[in-house]
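J.: So you can see what is in the structure, the chains are spelled out below.
2 protein chains.
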Amino acid sequence: MIRLYYAPGGCSRAPHIALEEAGADFEAVRLDFQRGEQRGPEYLAINPKGRVPALVTDQGLLTECVAILAWIAQSWPQARLAPLDDPWAFAQVQSFNAFLASSVHVAYAHVSRPGRYADGADAAAAMLAKAPEALGGFFALIEAQLADGRPFVHGDGFTISDPYLFVMTGWVFGRSLVDPKAVPRVASHHARISERPAVIRVLAREASEA
Amino acid sequence: MIRLYYAPGGCSRAPHIALEEAGADFEAVRLDFQRGEQRGPEYLAINPKGRVPALVTDQGLLTECVAILAWIAQSWPQARLAPLDDPWAFAQVQSFNAFLASSVHVAYAHVSRPGRYADGADAAAAMLAKAPEALGGFFALIEAQLADGRPFVHGDGFTISDPYLFVMTGWVFGRSLVDPKAVPRVASHHARISERPAVIRVLAREASEA
Chain A
1 MIRLYYAPGG CSRAPHIALE EAGADFEAVR LDFQRGEQRG PEYLAINPKG
51 RVPALVTDQG LLTECVAILA WIAQSWPQAR LAPLDDPWAF AQVQSFNAFL
101 ASSVHVAYAH VSRPGRYADG ADAAAAMLAK APEALGGFFA LIEAQLADGR
151 PFVHGDGFTI SDPYLFVMTG WVFGRSLVDP KAVPRVASHH ARISERPAVI
201 RVLAREASEA
Chain B
1 MIRLYYAPGG CSRAPHIALE EAGADFEAVR LDFQRGEQRG PEYLAINPKG
51 RVPALVTDQG LLTECVAILA WIAQSWPQAR LAPLDDPWAF AQVQSFNAFL
101 ASSVHVAYAH VSRPGRYADG ADAAAAMLAK APEALGGFFA LIEAQLADGR
151 PFVHGDGFTI SDPYLFVMTG WVFGRSLVDP KAVPRVASHH ARISERPAVI
201 RVLAREASEA
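Chains A and B, in that order, are what the protein sequence lines are. Each residue of the first sequence is one higher than the one before, counting from 1 in my numbering. Each residue of the second sequence is one higher than the one before, counting from 1 in my numbering.
Derived from the structure by calculation, the hints contain no laboratory data. No false leads were slipped in.
Copies of the same chain look alike in the list, so a pair counts if it fits in one copy or across any two.
List of simulated lysine to any residue pairs, SDA-like, C-alpha gap at most 20 Å: (1) K49 / A134; (2) K49 / V29; (3) K49 / E37; (4) K49 / H105; (5) K181 / A144.
Please work from the sequences and hints to get the whole structure.
T.: Structure, rendered in structure tokens:
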């Protein structure tokens, strides 16, 4: 039994896509963040962090996108979602994903969830004002890292970095925090990933009635 | 050739300790953050992120603590710094480290480097005011995760999570952002790790003249 707790539009979309790409047999359990379900006693008993994604298997609970994505890649090796036999190449995948988690996602969260970092409307406004600068710098680094003419983050093969970047670009393009024209390779990557059947399935599931 | 770029007191201390624990042959290269060396053209040519840690090997550059620590564990398997043969247990190590990187380190950085997230003294004060609440919640989760009577984060064996937690606790205890009395297992862990020969060597190197 594998159960993925997710919130529509959340970063849980990345492991959700990875599970689909892996051909995993899993149950996707939606949480309603509008109603604060992630902070309710029922969910906190499952995941004390009160966040998504959370993956529950027969072995227990696993949290944090970076760890869940790597575990999916290791658990379905035939899906080739990471270069499992090359520690250096695997480390580059982990490095890319860790950067998304601790720099890109965090910078975006200052816009989407300012109360996580400071209280008050003035502080929220100051954080909102800073976000485009921070995110612009981060996406310039990502743009430079994407090789011209190669379809995926790490080259010719789809990896667990691709759905994760796809989620982040969806966020920052969606709120006009980064201009797609400033990062054409990232924008092209986003369009390419959006057309994958696994991605289409996940977006349809997220959009369906609860 | 392995070269670790570090800043005294920075989170680079975690992979620095891990390399010592692994018995690796490496060169530690100090950056002077007071003089802004991490933003100078020489270092940016090595690591465009302008941060530490950065690991340079014959294969290239590797950044992000979470990825560097895992790579060290995989590259010196005889040091047993992670449960490499058990994907679920390995994922738990990665999850713990990812939480330190994207929640704990980030919350602390709002105190140590507020300008990363917002400009102005008022915003900095608001972020400083929020940090103890955020960090208190994170360390309560960590305290609950540490098993009573077992010496290390993941139980009886030292792993790459131990030096990383050690660095974070040093930060938050040092600035009185978390009260050690509120997290006795974490405090005991900190004292235990501080006595390891590898840790003593790294702290001495950081404290020595440049």
